[in-house]
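So the protein lines, in turn, are chains A and B. Just so we're aligned: 14 in the UniProt record's numbering is position 14 of the first sequence, and the numbers increase by one with no gaps anywhere. Just so we're aligned: 2 in the UniProt record's numbering is position 2 of the second sequence, and the numbers increase by one with no gaps anywhere.
Quick caveat, the hints were computed from the structure, so don't treat them as lab data. Misleading hints may appear alongside valid ones.
[As the list claims (entries may be wrong)] Have a look at the derived ranges for each label pair, beta carbon to beta carbon: (1) A:Ala586 / B:Asp167: 18 to 28 Å; (2) A:Glu617 / B:Ala168: 47 to 57 Å; (3) A:Ala586 / B:Ser221: 29 to 39 Å; (4) A:Ser476 / B:Ala168: 33 to 43 Å; (5) B:Ala572 / A:Ser241: 50 to 60 Å; (6) A:Thr584 / B:Asp514: 29 to 39 Å; (7) B:Ala169 / A:Thr584: 30 to 40 Å; (8) A:Lys435 / B:Glu59: 57 to 67 Å; (9) A:Arg194 / B:Ala572: 32 to 42 Å; (10) B:Ala70 / A:Glu44: 14 to 24 Å; (11) A:Glu44 / B:Pro216: 33 to 43 Å; (12) A:Pro206 / B:Ala168: 56 to 66 Å.
[Stated by the list, open to error] Once the Cα atoms are required to be at most 16 Å apart in a straight line, the calculated EDC-like pairs of lysine to aspartate or glutamate come out as: (13) B:Lys589 / A:Asp479; (14) A:Lys435 / A:Glu482; (15) A:Lys435 / A:Asp365; (16) B:Lys589 / B:Glu573; (17) B:Lys589 / A:Glu573; (18) B:Lys435 / B:Glu573; (19) A:Lys435 / A:Glu573; (20) A:Lys589 / B:Asp48; (21) B:Lys589 / B:Glu617; (22) B:Lys435 / B:Glu371; (23) B:Lys435 / B:Asp349; (24) A:Lys589 / B:Asp524.
The beta-carbon is built from N, C-alpha and C at its ideal position, and this holds for glycine as well.
There are 2 protein chains.
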Amino acid sequence: MTTPEIDPLAIRRVLDGRWSAVRDEVRAQLGQQRLLPDPDLTTEQHRDRVAHGMRLIAESGRPRTGFDAARGGRGDVGAVVTGFQMLGYGDLSLLVKAGVQWGLFGGAVQALGTERHHARHLERIITGELPGCFAMTETGHGSDVQHLRTTATYDPDTREFVVHTPDAAARKDYIGNAARDGRVAVVFAQLVTRGESHGVHALLVPIRDASGAALPGVTISDCGRKAGLNGVDNGRLVFDSVRVPRENLLDRYGDVAEDGTYSSPIDNPTRRFFTMLGTLVRGRISVAGGAGAATQKALAIAVRYGDLRRQFTDPTSGEEVVLLDYLVHQRKLLPALATTYAMQFAQEDLVGRMHALQAPGGERDEAGQRELETRAAGIKAIATWHATATIQTCREACGGAGYLAENQLPQLKADTDVFTTFEGDNTVLLQLVAKTLLSDHAHRVGRLDPLRKAGFAAGLAADTVAERTGLRTLLSRGDLRERAHQRRLFRAREEHLLAGAARRMRRALAPGADRFAVFNGAQDHLLQAARAHVDRVVLDASAEAVERVEDPAVRELLDRLCSLHALSRLEAERAWYVEHGYLTAARTKVLVAAVNALCAEVRPHARALVDGFGIPEPWLAAPMLGVDAEAQRRGDARADDLAAVG
Amino acid sequence: MTTPEIDPLAIRRVLDGRWSAVRDEVRAQLGQQRLLPDPDLTTEQHRDRVAHGMRLIAESGRPRTGFDAARGGRGDVGAVVTGFQMLGYGDLSLLVKAGVQWGLFGGAVQALGTERHHARHLERIITGELPGCFAMTETGHGSDVQHLRTTATYDPDTREFVVHTPDAAARKDYIGNAARDGRVAVVFAQLVTRGESHGVHALLVPIRDASGAALPGVTISDCGRKAGLNGVDNGRLVFDSVRVPRENLLDRYGDVAEDGTYSSPIDNPTRRFFTMLGTLVRGRISVAGGAGAATQKALAIAVRYGDLRRQFTDPTSGEEVVLLDYLVHQRKLLPALATTYAMQFAQEDLVGRMHALQAPGGERDEAGQRELETRAAGIKAIATWHATATIQTCREACGGAGYLAENQLPQLKADTDVFTTFEGDNTVLLQLVAKTLLSDHAHRVGRLDPLRKAGFAAGLAADTVAERTGLRTLLSRGDLRERAHQRRLFRAREEHLLAGAARRMRRALAPGADRFAVFNGAQDHLLQAARAHVDRVVLDASAEAVERVEDPAVRELLDRLCSLHALSRLEAERAWYVEHGYLTAARTKVLVAAVNALCAEVRPHARALVDGFGIPEPWLAAPMLGVDAEAQRRGDARADDLAAVG
């Protein structure tokens, strides 16, 4: 290897990025508390422990920074989301519970409510005195939230809304903070006034009294044990004609006057609904971040183990070989590590974009918001699938030791498993991405003059003609390790898939077409197009981040890592590239060899790369790594529990 | 759809196969007990519950049938393994604990011991009175068991073996039945006598007295909480010069005379070692079967849910669409279902082969045993990876409901997760398969006359020449839905990869070659070759099973399912087929379309296909399916617990 040894701290400075201060703050504060999940706790004990962690976070004052100046904060959205992501190195139950309280519940009151709600509730939400729920999902409707069935019917006589669960499928389900701690819920319901429905709106509905007992008309039940995240009290809410004052409607995007007249600043009900949903973007970005942190931690554990554990003897040296010196072991962990870096750069870019749009004085930019939502949806899907697959691989790469709770991988796997389907099911999110891309595409095509438009469409349709264009020849030749070439290949796939999907969708709009059948038949194509788009976005963000690195040795290493990410993605999609004439069969063999070569080049730096995540050592406690931190952790856990209970 | 509705019972008759009687027996007996894992149990409670299940199994007399006539059995190996697989529909902890007691522990005493051990111990092993462990794996050596470090040193003065753990890495680890219940362990150790080591042998070592206390010199600890299988008490054993009588050596393949003279019917120590390991084959086959049962159950739950759950509205009909009518949902579940059927047919074939070799009066056939071991290793690897991937997909396909313990998928996922790395790490197993295939290949090549041999080698080397042969032209044209054509494609891949791997390996034997480097660089190639071999074996077994089906309607359906399996495997490997000239890019597009078409054809029968597994209804209890069997199950669980404790 010509690359010199790299200082993990130099890598960490690059990864920590713009909000490095908050990262260090969380490391210093929570790293000492060692808020790790303890697999031996019962559900109730785990909930107690997480409640204790919530108090520590509230005391840190960090949640406040995300709210506006009127609440003593500075609207530092980027810092809040970054701090949240850092919790992913500790107990993911705490991350999710904090996300429910300050992100979803607090965020909804802030974004959907108006001054009357802010003044009355935000302070107690920030301090945690008012624990709340975000009650959107119903048993029968999780992805299709536009068709929720809970109703909020206005009664002008009493100036109240009557919140009601009409049937079993309308039961609010999987609601975080509901089973035990929540006092109030932001309930999403079909707003009905004067006999007319105006679509889904959100209202504040008290669910428990000060003693913790359910209020009259509210039936609360517990979702019970889950695969993971058992420190979060997910529950179910059923409302039997529960009355709340008119003022409880979060009325920023829709209000009902005392006489029952409905009004909204947004006329189109669908647009109104999606504007309200837009406030969810922060949740999705946070989940992507949390998934990233968990992935990093799993890799830190598995790479350290692979760098330590020996098995089978090298016939030449007679010594047992370190696992990470085997090509197949490198193949399991190193491309995943490279992609984890790429996702982290994409995440940092995403948080920066959100911050620019949402922080005080940020640009109010509808197109920007729309693009942010698309990126957030896409990155959330890819980041969480990557987490699930990578943590699984890490578990397997550690064999039996990886199956023991004491080595933390089982908890990471179980906790993150739901990330692929909550805050938007990944498949549905990618469909959303595809739809936006298609409508943008149609818009672009529509703006061309009629002559060019015809030519453009013809060009798209004539696939065989396109196959002979210079672009493909160029792409089938360039240097695979050149960044610009990698980016061209990613972009070519994105554009090709999108154009093809657009063509298929146009058929759905033809008169007499069975729209569902056309859409359904093209579904896998749409998902591929969305995936290709996100891949391109991630590679672009990653490439740009690497270019900005100042330290030349670090830059060189991260550049190789970025190539390993890009080429392993190309390798995974190589059937497509060959099928569509962008790569020859001979070139894809070169591609596979290049991935192997990059694995060998990155391997000596694997440990530095995982150390670069800067995960506090106590959070990496795993007896299989020879660190006998288990006993220490247990001791500490007991102390914490006492503090929590006492 | 032209295919008529199919009776699930007709499908079940096909799947139940040769040992249908034992399947029905387990259904009738354990289905009533509802021995499902209860996610709310503590580790100790779960262990109690499983211990109770063990008593029920012992009372059924089923374990006895696998032992020979002298023990009152009938050596019905096939029936025992089939009965074991059925436990995979219930609590997998029970399956594993039963496997440890009667398969690994009892099996080792039977296969490695001689009459003196059989007469003394087998009866109490069969009845469960003597709970035991199979103590092979050490903390430092799990895959490379030839290099275990525990020693058994013969002391001619006292005519005892001294069993000793020389260092921390030699600690016996992950040992089932060790943490709580085991009284005796079959300990694998380096046998040393007269100052000479004779490799790994197995001895019976008592570890606990009648009161359950560890015996002097034996230190037992608990592996604690695991990702799953928490009803199994995995533990660690450390021996401090523990003395056992000479007679405790399981001496079928190696004995030490009173004076310390070593003797063995097998001279070559490596061959001796692998002959002893050959007794593990039943364990691997059983794990593959258990993985299959768990996969079937997960699919039964997810397919029923997908056939019930509606989300989003069809713009034409205005009705909400059933999930399983979406192409992407079909894509998630139906190819996995098809492969699950194929694996079940391959498993039935494998059990039949084992039965033929191992049942009393079976052919003693060394080549057959070797082939069985290779098949078992390969099928175990592919079946358990398929289980992990499919159960994960099933969880995601059920969204938030799939994350709740009450719907059983989390437990299935967590319990089966270790299957990919226990009873042989899958990656290591596939390497074993590759090595055997290569040595068989070398043998075949070696037997050719010199002239043909040269021609054969030249043909292999001249890849570009081969690309123009008639075979490839033929393969790139045939009907993808024709079984013979599918089988030719599978076989072509197997042979091509194997020949290429053989070529690379020959380089490793060249003088001066860095053998490790050559082997390591070719590792991914070897694994692909092994995978291709197993894929071919599975397809062959599946194709032959389908051909034997008598009911024409069932045969037609299973034939399509077999095509869906074959084509989705080809689709997954299509990059390889295009790269090597077996399929054109245009053909692979046809392939993808054919998989979609088969999904649509199979979809109306999805429910019948999962019902065909014949999983007892109480074991499919999942509130999300509208069956409110949860309460019922809980009530029953309590009753069982009382029985277990009382």
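Tested hints:
no.	hint	in the structure
1	A:Ala586 / B:Asp167: 18 to 28 Å	51 Å, violated
2	A:Glu617 / B:Ala168: 47 to 57 Å	22 Å, violated
3	A:Ala586 / B:Ser221: 29 to 39 Å	56 Å, violated
4	A:Ser476 / B:Ala168: 33 to 43 Å	55 Å, violated
5	B:Ala572 / A:Ser241: 50 to 60 Å	54 Å, holds
6	A:Thr584 / B:Asp514: 29 to 39 Å	31 Å, holds
7	B:Ala169 / A:Thr584: 30 to 40 Å	49 Å, violated
8	A:Lys435 / B:Glu59: 57 to 67 Å	60 Å, holds
9	A:Arg194 / B:Ala572: 32 to 42 Å	57 Å, violated
10	B:Ala70 / A:Glu44: 14 to 24 Å	53 Å, violated
11	A:Glu44 / B:Pro216: 33 to 43 Å	41 Å, holds
12	A:Pro206 / B:Ala168: 56 to 66 Å	57 Å, holds
13	B:Lys589 / A:Asp479	27 Å, violated
14	A:Lys435 / A:Glu482	32 Å, violated
15	A:Lys435 / A:Asp365	20 Å, violated
16	B:Lys589 / B:Glu573	13 Å, holds
17	B:Lys589 / A:Glu573	14 Å, holds
18	B:Lys435 / B:Glu573	22 Å, violated
19	A:Lys435 / A:Glu573	22 Å, violated
20	A:Lys589 / B:Asp48	55 Å, violated
21	B:Lys589 / B:Glu617	41 Å, violated
22	B:Lys435 / B:Glu371	12 Å, holds
23	B:Lys435 / B:Asp349	23 Å, violated
24	A:Lys589 / B:Asp524	13 Å, holds
Against the hints set out earlier in the document, violations occur for numbers 1, 2, 3, 4, 7, 9, 10, 13, 14, 15, 18, 19, 20, 21 and 23.
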